[in-house]
Amino acid sequence: MDTLLPVASGGAAGPLTADELRELYSLMVAVRHLDTSAIAWQRQGIIPGYAPELGQEAAQVGSGYAVDTTRDFVFPTYREMGVARTMGVDMVAYMSTHKATWHGGLYNPMESRLAPIQAVVAGSVLHAVGWAHGQTLDQQDGVALTYFGDGASSQGDVHEAMNFAAVMKAPVVFFVQNNGWAISVPTERQVAGGSVAARAAGYGIPALKIDGDDVVAVLEATRRAFAHARSGNGPVLIEAMTYRRGPHSTSDDPGRYRSLDEERDGAGIDPLERLRQRLLAEGIADEAFFAEALAAAKAEEEQIRTGIQALGSRPGTEMFDLVFQETTPALQAQAANWREESEHV
Amino acid sequence: MSNSILEGANATGDDTATNTAADSPAPTTVMSMQQALNRALDEVLADNPKAVIFGEDCGRLGGVFRITDGLQAKHGAQRVFDTPLAESGILGMSVGLAMAGFHPIPEVQFDGFAYPAINQIVCQIARMNYRSRGTMPMPITLRVPSFGGIRAPEHHGESLEALFAHVPGLKVVSPSNPHEAYHLLKYAATRPDPVIFMEPKSRYWQKGEVDAATHDAGGGSPTGAKVMREGRHLTLVAWGAMVSRCLQVAELAAEDGIDIEVLDLRWLKPIDAEALTASVRKTRRAVVVHEAPLTSGLGAEVAQLITQSCFDTLKAAVERVTGFDVPYPSGDLEDEYIPNIDRILFGIQRVLEYKRG
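Same order as they appear, the protein sequences are chains B and Z. Each residue of the first sequence is one higher than the one before, starting from 10 at the first, in our numbering. Each residue of the second sequence is one higher than the one before, starting from 54 at the first, in our numbering.
In case anyone wonders, no lab produced these hints; they're calculated from the structure. These figures come from a predicted structure and were not determined experimentally. Note that the Cβ used here is the ideal one computed from N, Cα and C, for glycine as well. Any given hint could be a false lead.
Here are the simulated lysine-lysine pairs, BS3-like style, with alpha carbons at most 27 Å apart [unchecked claim]:
id, chain 1, residue 1, chain 2, residue 2
1, Z, 103, B, 178
2, Z, 335, Z, 368
3, Z, 368, Z, 408
4, Z, 127, B, 178
5, Z, 335, Z, 239
6, Z, 239, Z, 260
Far from chain B, by Cβ distances over 10 Å, these chain Z residues were calculated [as the list claims (entries may be wrong)]:
id, residue
7, 82
8, 144
9, 150
10, 173
11, 176
12, 184
13, 186
14, 188
15, 222
16, 246
17, 282
18, 349
Covered stretches of chain B, as calculated for chain Z (at least 3 residues, CB under 8 Å) [claimed, not checked]:
id, region
19, 124 to 135
20, 143 to 150
21, 168 to 176
22, 330 to 336
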């Protein structure tokens, strides 16, 4: 049995409105369609690689929806396209990382409140703690939301981050998407004790272990966590149980480590279908709305794909110009040499 | 890892001027490097309300070397604070603080303790400006008590400059005396880029004159190397604690009529190639001295820079007098490892006696 410390209640909003529920559905459809299209882009040679998030739409849209971009800051990994889309980040600029245009993406992280795409597993979890402590020092009320997975929970940096955040009472929400797989290694071979949320108690951090495929549960939990952290109660951990329905990346071959039967059993009901059934049952949306949402998602994907295809390479001078704020003579000399010896001036 | 042995070393320091405040007007003062660094940090905190100092034991204790002594009492526990004992955590949180508009001045207690933080230093701090296309500068000044010479336990005497200098996105600097320590730290701690500030811990308690008003009386650049002694026959290139040793060597060599120039490199990245060129064009001979192991040490980089610009005028190949390719030894063998006066003199002799053909 997990013994999770309680999250302070109060400050959380009431039940979701019909408009909010419909918006969540539209976002999830947009993310689903862009995500599955990105795999097609890769197969068509439009982008060299992609890390799909199929099945994690509820976890990403639900948590990203709780963010207040006027004061909070989000620290993603490389698989948070759904969070970026929900936060309103320019998706051509975001997807450019998968076009191999620029590692961190072309979006402005400071303006979008989304840190650059992070390829180091657990690399940015400590950054969230530092940023959050800065809020404390500045007497501001922003909250840092940091994403990581069940695999990343094995990294020492996650332990250090949770300990630092708890000691400093930093306003951080640790959002774990436990999707069952770290490339080929299942959670039971990864997470001793079977639960990342259970570990939070060891740091004195309240935790919520939730159904990550229920977008409403995810949003409500994240809002509670934000309210808790914003009120000066320190960090919260949310473990959203979900399932990575697709491969780790477009280079991965899940057939080598899990069967189709295992995949079907582990995945359970599609989170998008779950929300659809709920909206139908509650009379909040009808088939016309769903068709309209899908059409909008398709139009959006087409626009993003056109933008990605039109994206040229960055000028090579940026390799040199963006290393430092204050460049060095050695770097200038190398840049001059490169210019002289290369054709693409 | 116990630091109790090292804390005893502080007893040899003179603490009469430990807390020289920012308001002290005297332009030239005799002080130890520990006092000079303390004063520089005091002034940085006073000048920049966004500067914050943190690390293991930096707060109430003032650091195991007392470099931050009195700063928490003066500037408050929000500006100068202790962290849990985890170097990756210290450097990782520096990234977030920098994003939030602060100028973090973290301390890694000893050189060898930087290894657990390498991922954050190399993969995060050094690359964030680049990754974010210049929108997230990392004005982080990482202070690292460095090099050997104090009979310390294992992992307390490492020379990591080549490792740091090899990482794109980092700058590396090391002061050789109290005056340099004061000015270089004040300069480094106001830069918008990450700087690894390597303090020669064996020099913490040696005193010297600090002219707070002027860094380079000769008009040199704060990012450049500095000629510490002019000479005609050979250039000794060094940094950190090796500079004063090379100055000693130069005095001894002068007794034999050998006129040696000593160049304090100061910045190990970027290296002041122009200063190397100017000095060796004149002397036509060079020996580079460092504590770090020989292979792929910074001496190789210095030798290549000299060779490239002075090939036609060099009288002999650039010689290296360095530590060995061995793990840094225990205190009893430390003097065998660190370049000593005799070994540096042998290196000089090899260069001076070189005959072509």
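The hints, checked one at a time:
no.: 1; hint: Z/103 x B/178; verdict: holds (20 Å)
no.: 2; hint: Z/335 x Z/368; verdict: holds (11 Å)
no.: 3; hint: Z/368 x Z/408; verdict: holds (8 Å)
no.: 4; hint: Z/127 x B/178; verdict: holds (24 Å)
no.: 5; hint: Z/335 x Z/239; verdict: violated (32 Å)
no.: 6; hint: Z/239 x Z/260; verdict: holds (19 Å)
no.: 7; hint: 82; verdict: holds (30 Å)
no.: 8; hint: 144; verdict: violated (8 Å)
no.: 9; hint: 150; verdict: violated (4 Å)
no.: 10; hint: 173; verdict: violated (7 Å)
no.: 11; hint: 176; verdict: violated (5 Å)
no.: 12; hint: 184; verdict: violated (4 Å)
no.: 13; hint: 186; verdict: violated (6 Å)
no.: 14; hint: 188; verdict: violated (5 Å)
no.: 15; hint: 222; verdict: violated (6 Å)
no.: 16; hint: 246; verdict: violated (5 Å)
no.: 17; hint: 282; verdict: holds (25 Å)
no.: 18; hint: 349; verdict: holds (18 Å)
no.: 19; hint: 124 to 135; verdict: holds (count 7)
no.: 20; hint: 143 to 150; verdict: holds (count 4)
no.: 21; hint: 168 to 176; verdict: holds (count 5)
no.: 22; hint: 330 to 336; verdict: holds (count 6)
In this structure, the hints that do not hold are numbers 5, 8, 9, 10, 11, 12, 13, 14, 15, 16, in rising order.
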